[in-house]
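Asks: Two chains, two frames, some hints: make the complex.
Letter by letter, the chains look like this.
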Amino acid sequence: MSSQVTIDEKDEMLAAEYALGTLPHGERVSLEKRIVTEADLRSRVAWWNSQFVTLADEVEPVEAPASVLRKLESRLFTSTSTEAGWWRSLGFWRGLSVASLAGLIVVGGLYANNVISPPQRDGGNVFVAQMSGENSDLRLVAYYDDSAKKLRLKRTAGEAAENRDFELWIIAGTQDPVSLGVLPTDAIYEVDVPEELQAAMSSEAVLAITDEPDGGSATGKPTGALLAAGPVQQI
Amino acid sequence: MSDDIGNLISQCALKNRAAFTQLYSLTSAKLFGVVLRILNNRAEAEDALQEIYVKIWNNADKFAVNQYSPMSWLVVVARNHAIDVIRARKPIAVDIDDAFDVSDDSKTPEQEAINTSEGKRIDRCLQELDEQKALAVRGAYVEGYSYDELAERFSVPINTMRTWLRRSLISLRECLEQ
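Sequences listed follow chains A and B, in order. As numbered in the numbering used here, residues 0 to 234 make up the first sequence, in order. As numbered in the numbering used here, residues 5 to 182 make up the second sequence, in order.
Just chain B, same shape as in the assembly (with noise of 0.2 Å):
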């Protein structure tokens, strides 16, 4: 399946129009699901499906020299479609870029990683966070939730919400890097 794709993609880059078409077939109800998820609404998310579709059919050239698996790279086409669109609508009233300096203080997890064999490193990692700091990151990919969004959730101020997350971000880079 992932070779198919993979292939159906450089068909794609070749402007092979009964590639696209089975392309989609293979892949729009994933990323339909992806997309409606974050952006919780059906209409937008048709408009957004389909503008992700033209991407996929312009930019299929550039995907041979990226290093994501097929279905990986039009997830992630997908997801950042979706977060431009939702993120443009609700444009967030406060500026909460004041510059947190998050590295002095970033932690050291002091868990051992937990070395289970299955399951993906993703999800090992997060099991490392905190269960609440591990529930903001999985709410921010999946749901597409903002920082507002998060610290209404977490009911933190949203400064909090999001040194938390950062901090968050570090621990899993360190696990993510082992």
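If we strip away everything but chain A, and leave its shape as in the complex, we get (with noise of 0.2 Å):
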């Protein structure tokens, strides 16, 4: 056992206040890097824990209110998730179909506040999404005219953190988000939408933002949080 190991009497005596817990922060943060490297030092502490340990015998059990084991449950298990996609949780339509309605208000108040300007109708198809989140203050319109192929987007709240991007996914159906690009800083933005994409461009799609590295998700999914989606609806 740890016991016969010997260390300097100093050491010896923080590892006994670290034990404790009387060492006083700075003292206790330097040590604690100390313990990482130091063998010795380490298995005295250890010894010193497995001493004082049994003096925690006295204090009663105090139940913990169920949200801690909620929230860790979804902090430590949520990995999967991840992987299987935030596009793919129940919640995550449930917000949308919760949200549709009041996006068409929220655009059609926007034109009306002449924030975007009206679509210009070529003949072609209008379809209007308003993105936004619970996470985020980001905001965002958009609004697409299937004549020009092109998405016209307008940020009307929130900033990328210094060295992250936002960047523009569709998610037509059940399928896996599509990349549009990371988003440039200007407030207003337009977008070609590839040939592929703009069947996609339907009422069925839903247009999301992530907080991406710097010139977005490496993989080809989102990696990182999701920060405001909203669904594409026809005009």
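Simulated from the structure, these hints should not be mistaken for lab results. There's no promise every hint is true.
The list that follows gives simulated cross-link-like pairs (lysine-lysine, PhoX-like), each with its CA atoms no further than 20 Å apart [unchecked claim]:
#1 B:Lys124 <-> B:Lys34
#2 B:Lys59 <-> B:Lys34
#3 A:Lys70 <-> B:Lys59
#4 A:Lys70 <-> B:Lys124
#5 B:Lys66 <-> A:Lys32
#6 B:Lys59 <-> A:Lys32
Replies: In structure tokens form, the structure reads like this:
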């Protein structure tokens, strides 16, 4: 057992004070760094810990609120749901169906206030989407005229963090998201919709923005947090 | 129970989620009690408990190679985290690391070890200390008192408190190693 390990008396006292918990913050932090690399020091800390730990027997258990386990499970076990994709989660789609009606009303209001120009009807079909999310202040409106094949975006609130980019995705039905590229810093921006995605710009599609590393996701799939999303709707 | 907890920790190392949930339900009340006693603030204790079980989940593979009983390991992880939080919360203004040399004046305890068959070794050894000093050690461990708080409680200057406590630790070690 580690009690046979000997270290110099100053370190021995630091190990004991660390285990007892009385070491002041600065000394505690520097000792913690040493524990990682110094095996003898580490085993003396472990020895003191093993001696003191029974003092905690007198502490009465206290039931923790159920929310702690819920948060833990969602925090620890969401890695698979990230792999499966938030775009496949029921919560995402439920949130969108609530947002969709509100989206139309807001988009109508934006036209009225000239926040975005009303779509020029060239005989094509016109689609709009309003993107927002609970976890960020990012708000965008988008419209698409299927004769011009251009998606016009206006960001009304929110900016990308330093060294991060906003990436725009289109999700058609149950397909995986397809990138429409990284948003420039301009508040108004037009993107050409590639031919293979033009059919997807129907009422069934959803536009979404994620937080991605500088230059966009390297994997071709969203990797960062979902910041804003909204269904595409024909008007 | 102890074997169960050990098995559940090993299962966590294999990323068995059901085992984690079961481990949590068996052990979280004890760990929450320990953490709450130190932090004395429910919201902070809940956050701390969450962080502690994240550490347990992530470090479960290290349990096999350490020397504690399963429950002791969990308590040590929990207590360490709570102490990290409270020390960071209350950084002390005075630097008290004025290199006390206590090794020279450490004295051998003159009392015989009280050899009761019941009680744990640490309890028996604490009984060999002055009552006040034993209380200081218990207070530091169970309540998470800092040197400032101990000094205030026992109405001694902070440096005196640290010297006291270090001497107590030396006496404790002599007793514990017997």
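Asks: B:Lys59 and B:Lys34: Cα distance at most 20 Å?
Replies: Roughly 16 Å between the alpha carbons, so the hint for B:Lys59 and B:Lys34 holds.
Asks: Holds or violated: B:Lys66 with A:Lys32, Cα cutoff 20 Å?
Replies: holds, 18 Å
Asks: Check whether the Cα positions of B:Lys124 and B:Lys34 lie no farther apart than 20 Å.
Replies: holds, 19 Å
Asks: Against the 20 Å threshold, does the CA-CA distance of A:Lys70 and B:Lys59 hold or violate the hint?
Replies: Judged against 20 Å, a Cα distance of about 14 Å means the pair holds.
Asks: Within 20 Å, alpha carbon to alpha carbon, are B:Lys59 and A:Lys32?
Replies: holds, 17 Å
Asks: Are A:Lys70 and B:Lys124 close enough, with their CA atoms no more than 20 Å apart?
Replies: Violated, at roughly 37 Å.
In this structure, only the earlier hint numbered 4 is contradicted, and the remaining ones agree with it.
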